[in-house]
Every structure is written in structure tokens, then in C-alpha cells.
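There are 2 protein chains.
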Amino acid sequence: MTKEETLKMGLDLANKSTIVMCSTIDDKGFPNTRAMMKLGNQELKEIWSITNVSSRKVPHIKMNQKACMYFVDFIEWTGLMLVGTIEILQDLESKKRFWRDELDKYFRLGINDPDCAIIHFTANQGQYYHSFNIVNFEL
Amino acid sequence: MTKEETLKMGLDLANKSTIVMCSTIDDKGFPNTRAMMKLGNQELKEIWSITNVSSRKVPHIKMNQKACMYFVDFIEWTGLMLVGTIEILQDLESKKRFWRDELDKYFRLGINDPDCAIIHFTANQGQYYHSFNIVNFEL
Numbered sequence: 009m010t011k012e013e014t015l016k017m018g019l020d021l022a023n024k025s026t027i028v029m030c031s032t033i034d035d036k037g038f039p040n041t042r043a044m045m046k047l048g049n050q051e052l053k054e055i056w057s058i059t060n061v062s063s064r065k066v067p068h069i070k071m072n073q074k075a076c077m078y079f080v081d082f083i084e085w086t087g088l089m090l091v092g093t094i095e096i097l098q099d100l101e102s103k104k105r106f107w108r109d110e111l112d113k114y115f116r117l118g119i120n121d122p123d124c125a126i127i128h129f130t131a132n133q134g135q136y137y138h139s140f141n142i143v144n145f146e147l
Numbered sequence: 009m010t011k012e013e014t015l016k017m018g019l020d021l022a023n024k025s026t027i028v029m030c031s032t033i034d035d036k037g038f039p040n041t042r043a044m045m046k047l048g049n050q051e052l053k054e055i056w057s058i059t060n061v062s063s064r065k066v067p068h069i070k071m072n073q074k075a076c077m078y079f080v081d082f083i084e085w086t087g088l089m090l091v092g093t094i095e096i097l098q099d100l101e102s103k104k105r106f107w108r109d110e111l112d113k114y115f116r117l118g119i120n121d122p123d124c125a126i127i128h129f130t131a132n133q134g135q136y137y138h139s140f141n142i143v144n145f146e147l
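Keeping their order, the protein sequence lines are chains D and P.
Sequence positions in the first sequence follow our numbering and run 9 to 147.
Sequence positions in the second sequence follow our numbering and run 9 to 147.
Bear in mind the hints are in silico, worked out from the structure with no lab data behind them.
Warning: the hint list may mix true and false statements.
Stated by the list, open to error - List time: in silico BS3-like cross-link candidates among lysine-lysine, alpha-carbon distance up to 25 Å:
hint: 1; chain 1: D; residue 1: 70; chain 2: P; residue 2: 11
hint: 2; chain 1: P; residue 1: 53; chain 2: D; residue 2: 53
hint: 3; chain 1: D; residue 1: 36; chain 2: P; residue 2: 36
hint: 4; chain 1: P; residue 1: 11; chain 2: D; residue 2: 36
hint: 5; chain 1: D; residue 1: 74; chain 2: P; residue 2: 74
hint: 6; chain 1: D; residue 1: 74; chain 2: P; residue 2: 11
hint: 7; chain 1: D; residue 1: 24; chain 2: D; residue 2: 70
hint: 8; chain 1: P; residue 1: 104; chain 2: D; residue 2: 36
hint: 9; chain 1: P; residue 1: 70; chain 2: D; residue 2: 74
hint: 10; chain 1: P; residue 1: 24; chain 2: D; residue 2: 70
hint: 11; chain 1: D; residue 1: 36; chain 2: P; residue 2: 74
hint: 12; chain 1: D; residue 1: 11; chain 2: P; residue 2: 36
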């Protein structure tokens, strides 16, 4: 695979995925991974998700911004690992940009719920896996 | 959910899963996550997988044993995060314990392939997610 083909296949996987595995570092230095809703992505460079402010991942992210976002297709045995930094956005503008009606079931007070925050991830590098091939790339 | 019910549901998820999301820490302190084959588990306490020795995760693990294993069921919206330590086993006894014929396609020299190593993870704590409920537990 050329780098261009890899990035194209990786982007196809990211674009079609509604769930992303988000890994952060906890207060004792251990990786913590959990599935999260993908609200949007800008190519492979930026990914947005949503969290409860009361979640324990929020203080972890404030302490350590190093993170990984991983997309996977179990049927195709294809995986895209993106490594970079993550931040918590609590401004109304960011929430408005990604809000959708189905989020009401997670946040009782809707878009103004103080427990609602946007997660913004920016990738610096990645790795794409498909059919025994691994391709590493910078972003 | 009581702790007993949580552990039972988490164990059901781990037992039925053939794939696990394995997160390690790379040489720059970033979490790296990838799907891996689950070869076996001992309750929720221990998980075994397999890797190429030539994989870049091997030197990362030798440098930093902190790791996370995550099982997920996208249909049921259920996730099990296990946090603990990880090690690389290259002795023949460990390979024999988990070897299965389908691994031949990954390792040309079979069980004696010097590029084959077993990954052994031991959990210290966990978090189980199901239907808006999050339960944390020690192991």
C-alpha cells in the first residue's frame, strides 16, 4: 500500500465509524480505554466526541493530554490507530457545532447541561492495519 | 447492579470475546491501542494474547508494563475495561499452552518461530459499562 492508499482507506474507516475507542492516561499512568460516540472528524487530523464532565476521564485528560483514538472493523480486520493530544471543550459554541437530538437521552438539561462537554482530539501520527500489512504515517 | 452481578456480566463478555483492545504506552508516553486476538483468560484476572516479537509494541511493553485490556459489544453497548500490567513471554511452555493451528498463518515457522511471543496481562482493577451504568471494581 502507498501512503496515499493507506490514508484513503483509513479515512474511509474513520468516516463510516460511529464509535471510536478512546484511550487516555489515568492518574497513576495507566492507559484507560473505552468506546465513545464519534460526533465528527476532520479528515484523520481531528476527532470530536462527547463526555460527562463528571466522568473520571475529565480530570485525567486535564492532567495528561496524551491520547489515542482507535477505529476498528472486526469484519474486515482493519484497524486505524491515531495518536495525539486531547482536550475538553465546555463552551456553548463547540456544543452547538456537534449537538444532535439523540444526545438528549444522555444529558437531561440538553445542550445547556453543565455536565456536558465536547472532547477534541488532534492526531500527530497514525498506524493503519489491514490484511497483515501495517503502515505507519505522520499527520 | 451489585458487584457480583457486574463481575458476572463482565466475565460473560470477556469469555465470549475472541478479540480484545490492547492498550500500551509508547516510548513517548502516549497510549497505543490495537485490536488483538484473545487466546485465553483466567476469570477477569489474566488475559493472554500473541504478538510478533518484531512488533514495536514489544520494546514499549519492556519499557513500560502499564496496560489496559478492553472488551466491547457494540450491539449490547457493553464495555469492560481492565487495567493492570503486561509482560512478554517467549518460553516454549507458554506458547504450547495457547497454540492453535490457525496461528500458522501468522507465524511461518509455527510454534518455534522466533518472532512469536505470548502476551500476558494481569488486571488490578476494572470498570464495567452497561446501559448508562458504570461500576468500578478492584481485582
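Hints versus structure:
1. Annotation: proposed proximity of residue 70 (chain D) to residue 11 (chain P) is violated, straight-line Cα distance about 29 Å (limit 25 Å).
2. Distance hint between residue 53 (chain P) and residue 53 (chain D) is unfulfilled; the C-alpha atoms sit about 36 Å from each other, more than 25 Å.
3. Restraint check: the Cα-Cα separation between residue 36 (chain D) and residue 36 (chain P) comes to about 16 Å, which is no more than 25 Å; the hinted pair holds.
4. At roughly 23 Å between alpha-carbon atoms, residue 11 (chain P) and residue 36 (chain D) fall within 25 Å of each other, so this suggested pair holds.
5. At roughly 15 Å between alpha-carbon atoms, residue 74 (chain D) and residue 74 (chain P) fall within 25 Å of each other, so this suggested pair holds.
6. Our distance criterion of 25 Å between C-alpha atoms is broken by residue 74 (chain D) and residue 11 (chain P), whose separation comes to about 31 Å.
7. Restraint check: the Cα-Cα separation between residue 24 (chain D) and residue 70 (chain D) comes to about 29 Å, which exceeds 25 Å; the hinted pair is violated.
8. As the CA atoms of residue 104 (chain P) and residue 36 (chain D) are separated by approximately 34 Å, the hinted pair breaks the 25 Å bound.
9. A C-alpha spacing of about 20 Å is found between residue 70 (chain P) and residue 74 (chain D), which places the hinted pair at or below 25 Å, so the restraint holds.
10. The straight-line distance between the Cα atoms of residue 24 (chain P) and residue 70 (chain D) is roughly 35 Å, outside the 25 Å bound, and the hint therefore fails.
11. Restraint check for residue 36 (chain D) and residue 74 (chain P): the C-alpha separation of about 9 Å stays at or below 25 Å, so the hint holds.
12. Proximity of residue 11 (chain D) to residue 36 (chain P) is assessed by CA-CA distance (about 23 Å); at most 25 Å being required, the pair is judged to hold.
This entry does not satisfy hints 1, 2, 6, 7, 8 and 10, going by the numbered hints stated previously.
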